[in-house]
Structures are given as C-alpha cells and as structure tokens.
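Undergrad: Here are the chains, one letter per residue:
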Amino acid sequence: MATLLQHLPALLVAVPLFAAFTLPLVGRTGAPARTAWVFLGALLTAATGLLLAWQVFAHGPLLYVFGAAAPHVPTPMDSGGIPIRIIFQIDALGALMVVIASLSSLAIILYSLASDSRHSGKDSFYSLLFLLVAGVLGMVSTGDLFNFFVFLEISSLSGAALVAYRVDKGQAVEAGLKYALLSTVGALAFLVAVGLLFAQYNALNIAVVASRLQFTPLDQIALVLLAIPLAMKCGAVPMHFWTPDAYSTAPSSITAFLVVSSQASLYGLFRILFSLYGHLLEFSWLTFGWFLIILGVLSMFIGVTMAIPQKDVKRLMAYHAVSQTGYMLLGVGVGLAVLGNAEALTAYGRTAMAGGLFHILNHAMYKGLLFLTAGAIFFRTGTRNLNKLGGLGHHMPWTMVFFMIGALAIAGIPPFNGFASKFLIYESVFRFSPFLSIIAMLVSILTLASFVKVFHAMFMGAARTEFAQVREVPIPMIAGMAILAAVVIVTGLMPRPFIDHMILPAVNALVDRADYIAAILGGH
Amino acid sequence: MNLLWLLSSGSGTWNPLLWLLAFIVALAAAWFIRSFGRKDFREGLQQEPFISGNEEPADGGGHIPASNLYWGFLESLSGYYSRLIPLHTGILTDYVAWFLGVMAVMLVIALIV
Numbered sequence: 001m002a003t004l005l006q007h008l009p010a011l012l013v014a015v016p017l018f019a020a021f022t023l024p025l026v027g028r029t030g031a032p033a034r035t036a037w038v039f040l041g042a043l044l045t046a047a048t049g050l051l052l053a054w055q056v057f058a059h060g061p062l063l064y065v066f067g068a069a070a071p072h073v074p075t076p077m078d079s080g081g082i083p084i085r086i087i088f089q090i091d092a093l094g095a096l097m098v099v100i101a102s103l104s105s106l107a108i109i110l111y112s113l114a115s116d117s118r119h120s121g122k123d124s125f126y127s128l129l130f131l132l133v134a135g136v137l138g139m140v141s142t143g144d145l146f147n148f149f150v151f152l153e154i155s156s157l158s159g160a161a162l163v164a165y166r167v168d169k170g171q172a173v174e175a176g177l178k179y180a181l182l183s184t185v186g187a188l189a190f191l192v193a194v195g196l197l198f199a200q201y202n203a204l205n206i207a208v209v210a211s212r213l214q215f216t217p218l219d220q221i222a223l224v225l226l227a228i229p230l231a232m233k234c235g236a237v238p239m240h241f242w243t244p245d246a247y248s249t250a251p252s253s254i255t256a257f258l259v260v261s262s263q264a265s266l267y268g269l270f271r272i273l274f275s276l277y278g279h280l281l282e283f284s285w286l287t288f289g290w291f292l293i294i295l296g297v298l299s300m301f302i303g304v305t306m307a308i309p310q311k312d313v314k315r316l317m318a319y320h321a322v323s324q325t326g327y328m329l330l331g332v333g334v335g336l337a338v339l340g341n342a343e344a345l346t347a348y349g350r351t352a353m354a355g356g357l358f359h360i361l362n363h364a365m366y367k368g369l370l371f372l373t374a375g376a377i378f379f380r381t382g383t384r385n386l387n388k389l390g391g392l393g394h395h396m397p398w399t400m401v402f403f404m405i406g407a408l409a410i411a412g413i414p415p416f417n418g419f420a421s422k423f424l425i426y427e428s429v430f431r432f433s434p435f436l437s438i439i440a441m442l443v444s445i446l447t448l449a450s451f452v453k454v455f456h457a458m459f460m461g462a463a464r465t466e467f468a469q470v471r472e473v474p475i476p477m478i479a480g481m482a483i484l485a486a487v488v489i490v491t492g493l494m495p496r497p498f499i500d501h502m503i504l505p506a507v508n509a510l511v512d513r514a515d516y517i518a519a520i521l522g523g524h
Numbered sequence: 525m526n527l528l529w530l531l532s533s534g535s536g537t538w539n540p541l542l543w544l545l546a547f548i549v550a551l552a553a554a555w556f557i558r559s560f561g562r563k564d565f566r567e568g569l570q571q572e573p574f575i576s577g578n579e580e581p582a583d584g585g586g587h588i589p590a591s592n593l594y595w596g597f598l599e600s601l602s603g604y605y606s607r608l609i610p611l612h613t614g615i616l617t618d619y620v621a622w623f624l625g626v627m628a629v630m631l632v633i634a635l636i637v
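Taken in sequence, the protein lines are chains P and X.
Residue numbers are given in the working numbering: position 139 of the first sequence equals residue 139, and the series is strictly consecutive.
Just add 524 to wherever you are in the second sequence, counting from 1, and you've got the working numbering.
Derived from the structure by calculation, the hints contain no laboratory data.
These numbers come from a predicted model, not from an experiment.
Accuracy of the hints is not assured; some may be wrong.
[Unchecked claim] Computed footprint of chain P on chain X; a stretch qualifies when at least three of its residues, placed anywhere within it, have a C-beta under 8 Å from a C-beta of chain P:
(1) 529-540
(2) 549-557
(3) 573-579
(4) 596-608
(5) 629-636
[Stated by the list, open to error] One-sided excerpt, in silico: chain X residues whose CB lies under 7 Å from chain P:
(6) Trp-543
(7) Leu-545
(8) Asp-583
(9) Gly-584
(10) Trp-622
Ideal Cβ placement from N, Cα and C applies to all residues, glycine included.
The shape of chain X in the complex, shown without the other chains (with noise of 0.2 Å):
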C-alpha cells in the first residue's frame, strides 16, 4: 500500500492518501453541519443578494474584470513592472539580440571556465 502512495524525498515524506482521508473527513463535516440547515429549502425561494441595499447589477455588470483584479499588487510592483515589460518588445530582432547575447556571455564563460 505504502508503495503505492507514500512519496519520500529524502528529508520528508507526502502521503496523498492520508491528504485524501483529511479531505473526506472536511466533505463529512461539511456535509454534518449543512444536515442543520432548513429542511423547508426549495429553489426560487432564495432571496435577491444583498449588496449595501443596491439591486444587483443585470447581466454581469457585477462582475469585476480581470483587469482590476491585484491591482494594488501590480501597483506595488510598477517600478519591477515599468522595467520588465518594456523589454517584451514583441519586435523579432531584439529576440535574436538577447539570444545572441546570452550565447555570448556563456561562450566567454565556457572560455574561462
């Protein structure tokens, strides 16, 4: 059995099968605290979310674009991002440059070493 799912790498070992049991136990419990919830439930009796007492955007107008999302992370990053992405040039001839490049250091490199 272990042989099947027990993974060393030398200073540690994973068992998914333990992960599996861990995870069934969560869905058991979930499923335990769920069983306390209103037997009288039916579809179309859910009530219209509450978002601070607006009406719910129609046809996605609530949902945020990808765009927005980690936006305060990108803007934490923008002088990393305001060097990194202009050098994705998108222009060929600087794609052969840095290739060019790259084999150059690594041939004086492979020279001295």
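If we strip away everything but chain P, and leave its shape as in the complex, we get (with noise of 0.2 Å):
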C-alpha cells in the first residue's frame, strides 16, 4: 500500500492511458467487457486523482521524479545539484485541479456510456476520451515546462478529434480542425517560448527557471508567447470563437470535459503568471493583473450577450462558458494586480483569488452539469435548436430538476455553489473597483434571463404530440448528472470547508511562489 500511495503521481496519468491504449483490444471481446473495462478505468482515475489532491491537502505538496529510484528527491547526488529527469510538482493548485478532473472524468465518462451507446466506434471513442483525461491531469501535475507542452498537446489532439468525431454533416468535422488548428497555433507558440527560456537557463523544470529568470527581452517575449496561447486555450475574449463552434458540436459528455481541459489551461495560465514570472513582474503586477480583469470582463460581458440570442442550446451555453470564465480571471486578476500591496492582498486580494479559484471548482460542476442535461435532452429529441423544444417537463423531469440545479447555479442564486463563489468576488472586487463589481453582478442578472428562456423554451408549456414517445434518460446518464449536481448542492450549501481546506491553500501555493521554488531546490 504505501509503494502504490509514493507512486500515486505516476499513476495519476498511467491509469488512464493504460485506459486508453488497451481499450481497442478489450473492445474486441464485446460490448459488455469495453463497458466494464470503461467504467473500471474512469472508476481507478478518479480514485487515484482523489487519493492524491487527499495527500497534497492533507500532508502538504507532492514531488514526482520519474526513472529515479528515489521519486521525492528532485535533484540526485549525481546531477549537480540540478533536477534533471521530468518532475511532477503537485500543490493544492494543482490537486484542486485533480479534485475536478477526476470528478467531471468520473460523472461523465459514466454518463457517455449510455448517451453514446447507439453509436458506433465506441474503442476509439473511449480510447481519446482518456487520452484527453490524462492530458488534463499531466498538465495540472507536471512541474515541467515541456512535459506541460507535451500534456498541452495530448489534450488538445485527443480533445480536438473527439469534437469532430460524430461528424454531424461536416458541421463537427470543421469545429474539429479549427479547435485543433488555433490548439496547434497556440502550442507551438508554447514551445518556441519554452525553447527561449532552455536557450538561456539550461533548464526546463519551472522552479528552476523561475530561480534564474532575469526578466531580459527574450524572457518578456516568451512571457506573452506562453500566457497568451494559454488565455485563448481557456476561451478568453477576443479568442473565444472557437468555444461556441467545439463545444456546441461535441458529444454533450466530451463537451463537458472540455470545460475542465480550458480550465487546465487557465491553471496554466495562473502558474506562469504567479509561480514562473511572479517575483519579476514585481514592477509590472498591475499591469499583468489588469490584463488579466480587462480579459476577464470582456469575457463576462461579452461571453453573456453573445449567449442570449442563440438559439442553439449548446452553443448559447458555449458563450455562457465563456462568461464565466471572465469571472476567474477577474477575481485572481484582482489578486495578481494588488500582489505588491501588502495590505490591500490581505484586505481582499486573496479573497479575490479565492472566489475566482473556487469559481472554477463550481463552473466545472455546474457548466457540466448543464453541457450533460442538454445532450439528454438532444438524446431523446434529436435537436439542440430552442425554437423546436418545449413541455419537455412532463417527459423528463429529473433532468429538468439537473437542469434547474445547474442554472441557479450559474445565475448565482443562493445556496447554489455559484453564489458562494461569485459572493466572495463580488464583495472582494468591489473594495478594488465597484465599477467591475457591478459588471460582474449585471453579467449574473444577463445570465439568469438567458437561463429563464431556455428553461421555458426546454420544459415549459404543454406536451406536444411530437415528444409523446420522448422519456426519461437511462440510468447511467441520470446518475452522471446526479454526481454533479450533488457537487453542486455540497459545495453551495457547505462552502466554508471546500474555502479553508482547498480554495486557500490554493491561493497561498499561487501568491507565495517561494515555496514552489524551494520544493524542487531546497532552502526556504
């Protein structure tokens, strides 16, 4: 046992590629062993991405070096006092981004084994979805620049042909090549700035460049080359187009996971801002911070009016995605431009951090939650389009009752975890600016009205004689959406553990960087 919990990040993304890559071979044997095979992978992920974020919380930061026959030693005797093989570096960002892969892979994986059940080339199918789980999880884990490109580019492909695998006319096949051409774009960006930083300091692992960085030109370059690939990975606004166009053509489950895999990117984002360039932007952490708010609020705004004339369930919740990723770049915006004032970040720069840090636990649960009720609702229906809906209540009303969940949650309604999160920004961002305050709760009140139309345009109204056949969804979809939403429910109800066991350690593995530096270096 205490071999298999000192291996734990290793197995993190062993377990779901191994997934991956005996799937096509289990399929082979039939339907009912790929399902268990299936469901027993993203049963063993979840598990170990629990058990780990449970030690990082518990016992404090986890440190991985692959191929050394020591794991916790980062740099060998024999190294010269360099770390010299990958590292995975795991703090409570990072298992906080473990927390939420592994439940959304968890809820939806088990959720796509039926609303996926009528379709065919299910082995490869499974086979990307975990390529895109252990994607997500290597980027949220490694400590290592290129190791992070690499885990950047598994998710982006694998992400990229399961958009484009229903092929839906040609539709899904072109969102698919735009998501994977601007990912490919983005990334070799990615690389060209992680191959200035290895041409100047000799070193790929973050701590170590962090510790020699001395802000030259090329260090500026490769700053904006890495942050600004990683801003339109998360669907930021002006580089958010690709959102509606994925995301409203992907399969409902892989749509909800490429929630989580713009949100990896976002933490990504996060650490290079914080813990890589964080103690060099020191004369420049107001303006790094209020790019970060002015990307934010643009997303807010824009994402939210973008989303209330669509007619396209799918694509108008694409835009509400967007949205409300605004409001996480508001709030650790906010904490990243008072980050040299001392007494403003302890007056509400952490809280800042704290409610946009928590905001992206919530959205994930509740915009998958959501992204799951609208495929099952596609399941039984066969359309996306608002226009052809309605009385959907009198057939459906478990996912009805998910999709009210997920809407109060997203409009902000207390007690609903949205509230929670958006509470903490709001009281925090407003001590800043309540000017960006106010943005921020009108963008919530924009939010609650699409929501009204697309509940009455889903559920109310009579029962329609072309519903008649229309039922419930299978058990396993109505128990992916449960997981969510009791997420949604616990955290929303009880937030205070969630904040004090998980948010802000979060946010003090973000401000106080030092200690991500030490880790791998030793001192402090």
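Take each chain as given, in its own frame, and dock them per the hints.
TA: What follows is the structure in structure tokens.
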C-alpha cells in the first residue's frame, strides 16, 4: 500500500493512459467487456486523483521524479544540483485541479456509457476520452515546461478528434479542425517560448527556470508566447471564437470535459504568471493584473450578451462558459494586481483570488451538469434548436431538476455553489473597483435571464405530440448528472470546508511562489 | 457549526443555513396558505385555462418560441449586436488573426512595461 501511495502521481496519468491503449484490445472481446473496462478505468482514475489530492491537502505538496530510484528527491546526487528528470510537482492548486478533473471525468464517462451507446466506434471514442483525461491530469500535475507542452498537445489533439468524432454532416469536423488548428498554432507559440527559456537558462523545470529568470527582453517575449495561447485555450475574449463552434458540435459528454480542459489551460496561465514570472513582474503586477481583469470583463460581458440571442442550446451554453471564465480571470486578476500591496492583498486580494479559484471548481461542476442536461435533451429529441423544443418537463422530470440546479448555480442564485464563489468575487472586487463588481453582478442578472429563456423553451408549456414518445434518459446518464448536481449542492450549502481546506491553500500556493521553488531547489 | 456554514469575504458574511431556514419558513407559509384551498378538488375537475375567451392552442401552439423572448432587449441593443455578431464570422483565418493580433499587442505592451 505504501508503495502504491508513493507512486500515486505516476499512476495519475498511467491509469488513464493504460485504459486508453488497452481499450481497442478489450473492445474486441465484446461490448459488455468494453463497458466494464471503461467504467473500471474511470473509477480507478477518479480514485487515484482524489486520493492524491487528499494527500496533498492533508500533508502538503507532492514531488515525483520519474525514473528515479528515490522519486521524492528532485536533485539526484550525481546531477550537479540540477533536477534532470521529468518532475511532477503537485501543490494545493494542482490538487484542486486534480479533484475537478477526477470528479468530472467519472461523472462524464458514466454518462457517456449510455449517451453514446447507440453509436459505433466506441473503442476509439473512449481511447480518445481517456487520452484527454490523461492530458488534463498531466497538465495540472507537471512541474516541467516541456512536459506541460506535451500534455497540452495530448489534450488538444484528443479533444479535437473527439469534437469531430460524430461528424454531424461535416459541422463537427469543421469545428474539430478549427479547434485543432488554433490549438496547434497556440502550442507552437508555447513551444517557442519554452525554447527561448531553455536556450537561456539550460533548464525546463518551472521552479529552476523561475529561480534563474532575469526578465531579459527574450523572457518578456517568452512570457507573452506562454500566456496568450493559454488565454486563448481557456476561451478568453477576444480569442474565444472557437469555443461555441467546438462546444456545440462535440458530443455533450465531451463538451463537459472540454470545459475542464479549458480550465487546465487557465491553471497553466496562472502558473506562468504567478509561479514562473511572479517575482519578476514586481514592477508590472498592476499591468498584468489589469491584463487578466480586462480579459475577464470582456469575457464576462461579451460572453453573456452573445449567449442571449442564441437558438442552439449548446451554443448558448458555450457562450456562457466564456462568460463564466471571465469571473475567474477577474478574481485572480485582482489578486495579481494587488500582489505588490501587502495591505490590499490581505484585505481583499486573497479573497478575490479565492473567489476566482472557487469559481473554477464550481463552474466545472455546474457547467458540466448543464452540458449533460443539454445532451440528455438531444439524446431524446434529436434537436438542440430551442425554437423546436417545449413541454419536456412532462417527460423528463429528472433532467429538468438537474437543469434547474445547474441554471440557478450559474446565475449565482443562493444557495447553490455559483453564488458562494460570486459572493467572494463581488465583495472583494468591489473594494478594488466598484465598477468592476457592478459589471460582474449585471452579468449574473443577464445569465439568469438567459437561462430563464432556456428553461422556458425546453421544459415549459403543454406536452407536445411530437415528443409523446420522449421519456427520461437511462440511469447511467441520470447518475452522471446526479454526481455533478450533488457537488453543486454540497459546495453551495457548505462552502466553508472547501474554501478552508482546498481553495485558500491553492491561493497560498499561487501567492507564495518561493515555496514552489524551494520544493525543488531546497532552502526557505 | 459555523465552520461548516459561514462564509466570510472580509467585508461581509454569507450563511447558507439561514437562507435554508428562510426557504423552509417560506415553504411552510405557502403550505399553510394552500391549506385554505378547496378540499373537494380532484384531478380532472380543473377548468380549461382562460385565454381572453379563445380556445387553448393545441400541441404547443401557445408556447412562445425562444427566438421571440427578449425581443425588446435585442432590439434596443441592435446597434451593439449589429457590430458584435458579425465579428463571429466562423472563419478559421479570422480566429487565427484575432489570436495573433492579441499576441502582437501584448508583445508591445510587455516590451514597453
């Protein structure tokens, strides 16, 4: 057991990778074996992730050196004091992301067992899905820049393939192509930046590079080449155009996990700005803080206003995903802007960051839930067009209840989790700039208005004869939605334990970057 | 107990337990008011809805489609939407152009700052 626990970080990506590569073989023995294998893979991946996260929250950050005799020693005796292998460095922020990815992947894979049961090509579908999960888990665990790029590519390519998987008269293929090409252009920029840093500092480990950075003009160029692709991948306006295309045409289970994938990019952006460049931005914290804030406000406002006129329910929800990402950028941006002002950081900066990071967890749960409910509607009716839907509350009561939970949460209605994180953002951002806080509240009102429209269009009204045969979705789909709905309710009713034990340690992991470096290089 | 329920922002607090209690009280009040209703009500006795004397449209005919909702909102912001929506061209090269444009602007800002 002790050996197993010691190698948890390796298992975190090894388990989904193993599931991915063995699925085509297992699938040849028949559908029941494949279903059991997929479920087992999802269960083990989630269990590994949650166990690892628990270890981090209970005992502190974890290091894992791949291929080393002593995996917890970052600098071998014969390395000249340099970490020479790929190192996973999982602090509270990484653990928070691992929790999000683990819970989401379990719920989504469970859901997809029924939602994709009617389709062919399931071996490749689940192989790609497990690759996507492994890519995301790797991104939030690695402490190595090049390794981050590799996992970014794994998640991008598998994500693009999954977006295009169901073809959908070419629309899905086009969306997959857009996602793949934009991801590739972004990843190339990221790779150039990694090359610039490696050429100067002869290291790829984030902590080592952070300790050696001089903020030369090349470092400044590298910063932009690292940050902008990640901002694009998380769907920040004005680089969000791919999100409605990809999110609306992908299978709903995949869309729900693409949200998590986007948030892994957001994690990467925060890691770059705080852990890698944090101390060097000392004279420009305000500038880069405002960079995040402006991206956040643009994303919030343009996302929600673009959502309101949409007729395709998934496209509408995709714009809301853009809008909600804005809250995260706003909260963490305010924290970054006041990083050099100890008084303001204590008074409201950390709270704003806590709100932003808590919103990542909450958004993954309720937006995942909303996409799954949209998928349930499509599963039974075959349409995403809101003008053609109506009266489904008579036939799909569970889906309706789950939709209501997700919709109220995203609109920030108490006591659901969206309110808890938005409460922290509103109050703390108000002390930084009342105007920004008012915009955030206005966006929440528009979000509520938008989801009232969706609720009315899909569920309200008299039962229709064309939907007379529609019935509730199968139990695995209900179970998948129930897992996410339960997290939405629990984190909304009891936010404090999550804030104290997961979110605030994650905030500290971002702010106290010296600890991140010291974990690798010693000292402090 | 407070550790589980109370959320503080530094300038204010939020207690979901109090909200839940208020919600339960409101539910109880609703149930109390409802108890004054007719005791002889049975399923099927309910009359057809009154729509200004017109018959209820059959098969969802009375359902207002999503596109008709918020017409006034969209119309009053038509100037804003007439500029915003065309930016979403759906053309991949435009997406790449926006990405490269933002990167170029940030490069200039980063090198100046």
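Undergrad: So, for every hint listed, does it hold in this structure?
TA: Right, here's what the structure says about each hint:
| no. | hint | result |
| --- | --- | --- |
| 1 | 529-540 | holds (count 9) |
| 2 | 549-557 | violated (count 0) |
| 3 | 573-579 | violated (count 0) |
| 4 | 596-608 | holds (count 6) |
| 5 | 629-636 | holds (count 5) |
| 6 | Trp-543 | holds (5 Å) |
| 7 | Leu-545 | violated (11 Å) |
| 8 | Asp-583 | holds (5 Å) |
| 9 | Gly-584 | holds (4 Å) |
| 10 | Trp-622 | holds (5 Å) |
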